[in-house]
Amino acid sequence: MPKIALIQQAYNGSREASMEHTKKAILEAASNGAQLVCLQELHTREYFCQCEDPAFFDYAHNFADDVAYFSDVAKQARVVLVSSFFENRPAGMYHNTAVVFESNGEIAGKYRKMHIPDDPQFYEKFYFTPGDLGFEPIDTSVGRLGVLVCWDQWYPEAARIMALKGADMLIYPTAIGWFDEDSEAEKTRQLEAWIAVQRGHSVANGLPVVAINRVGFEPCLSFAQACEFWNGDLQKKEFPSTQGIRFWGNSFAFGAQGELLAQADSHTQHTLLVDIDFKRSEEVRRMWPFLRDRRIEAFDPLLKRFCD
Numbered sequence: 001m002p003k004i005a006l007i008q009q010a011y012n013g014s015r016e017a018s019m020e021h022t023k024k025a026i027l028e029a030a031s032n033g034a035q036l037v038c039l040q041e042l043h044t045r046e047y048f049c050q051c052e053d054p055a056f057f058d059y060a061h062n063f064a065d066d067v068a069y070f071s072d073v074a075k076q077a078r079v080v081l082v083s084s085f086f087e088n089r090p091a092g093m094y095h096n097t098a099v100v101f102e103s104n105g106e107i108a109g110k111y112r113k114m115h116i117p118d119d120p121q122f123y124e125k126f127y128f129t130p131g132d133l134g135f136e137p138i139d140t141s142v143g144r145l146g147v148l149v150c151w152d153q154w155y156p157e158a159a160r161i162m163a164l165k166g167a168d169m170l171i172y173p174t175a176i177g178w179f180d181e182d183s184e185a186e187k188t189r190q191l192e193a194w195i196a197v198q199r200g201h202s203v204a205n206g207l208p209v210v211a212i213n214r215v216g217f218e219p220c221l222s223f224a225q226a227c228e229f230w231n232g233d234l235q236k237k238e239f240p241s242t243q244g245i246r247f248w249g250n251s252f253a254f255g256a257q258g259e260l261l262a263q264a265d266s267h268t269q270h271t272l273l274v275d276i277d278f279k280r281s282e283e284v285r286r287m288w289p290f291l292r293d294r295r296i297e298a299f300d301p302l303l304k305r306f307c308d
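In this text, residue positions in the sequence shown follow our numbering: the first is 1, and each later residue adds one.
Simulated from the structure, these hints should not be mistaken for laboratory data.
Beta carbons: idealized from backbone N, C-alpha and C, even for Gly.
Keep in mind that the hints are not guaranteed to be accurate.
Quick list of in silico lysine-lysine cross-link-like pairs, DSSO-like style, CA-CA up to 27 Å [said to hold, decoys possible]:
hint, residue 1, residue 2
1, Lys3, Lys279
2, Lys110, Lys75
3, Lys125, Lys110
4, Lys3, Lys23
5, Lys110, Lys24
6, Lys3, Lys24
7, Lys110, Lys279
8, Lys3, Lys125
9, Lys23, Lys165
Pair by pair, the computed Cβ-Cβ distance ranges are [to be verified]:
hint, residue 1, residue 2, range
10, Lys165, Lys279, 48 to 54 Å
11, Phe179, Glu136, 32 to 38 Å
12, Lys23, Glu136, 26 to 32 Å
Please model the complete structure; the sequences and the hints are all you need to start from.
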């Protein structure tokens, strides 16, 4: 029964400050017994996808350095680590990539985000090429990890394929939040839907599910504005724009039957520590044999965009 840490953080003002803050949180989680540590989506940077600015592609050039840094952290902490970076390949091809490190610092595997959103202030299609590694669980010393990223969490097909390929759990590094102008009722509907759809993946597949979200308000800034703003004492600064995203946190862990094991709040930087029993999946699937009863011969329509 591995102990898992979910590290929910706000952006700390610079890549270097965020990496150092995250390192401290990982080492603290390890000292408290964590064997698997999971980080939020794009954790070394602000959520830059709020506007379309080609200059932000420069962030991807830190990919190799970021991987080397967190490889060393995983080795130092002796934990399996699920991280999330802006990956550069050839010019003009970039990915939103989760990298999983083994406890000796070696790369156990990686997953490139498959479903890419394009909503107001979530302009990810401008930045990220859809993943080309498929839905493949990553084998580690703590189990087979079904790592997906953020927008993937709304798609039952992704969760189901990971389950069919033998994942022991589903892990979703995430960056999602509200707009301040949304009504309180709308904010509640969005948060509840986000939790419900992932709990559904747990129930439907008999798997533990965890999601790690960021917290705090981040203004919508161009690259030049971001370089100017994200420096110095953030506590003394006023946001240059009221337009932005207030990330809603609420990182959580569900057990294999959809039972809530742990949940953070909507505004605090916090590390959740939770023991997750992978053996519960067999118990649940014996009681609810959803995988057995699938009518796969009737599923061809799923390969169509829409059945007109």
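Hints, verified against the model:
no.: 1; hint: Lys3 <-> Lys279; verdict: holds (14 Å)
no.: 2; hint: Lys110 <-> Lys75; verdict: holds (17 Å)
no.: 3; hint: Lys125 <-> Lys110; verdict: holds (20 Å)
no.: 4; hint: Lys3 <-> Lys23; verdict: holds (18 Å)
no.: 5; hint: Lys110 <-> Lys24; verdict: holds (23 Å)
no.: 6; hint: Lys3 <-> Lys24; verdict: holds (18 Å)
no.: 7; hint: Lys110 <-> Lys279; verdict: holds (25 Å)
no.: 8; hint: Lys3 <-> Lys125; verdict: violated (35 Å)
no.: 9; hint: Lys23 <-> Lys165; verdict: violated (32 Å)
no.: 10; hint: Lys165 <-> Lys279: 48 to 54 Å; verdict: violated (19 Å)
no.: 11; hint: Phe179 <-> Glu136: 32 to 38 Å; verdict: holds (35 Å)
no.: 12; hint: Lys23 <-> Glu136: 26 to 32 Å; verdict: holds (28 Å)
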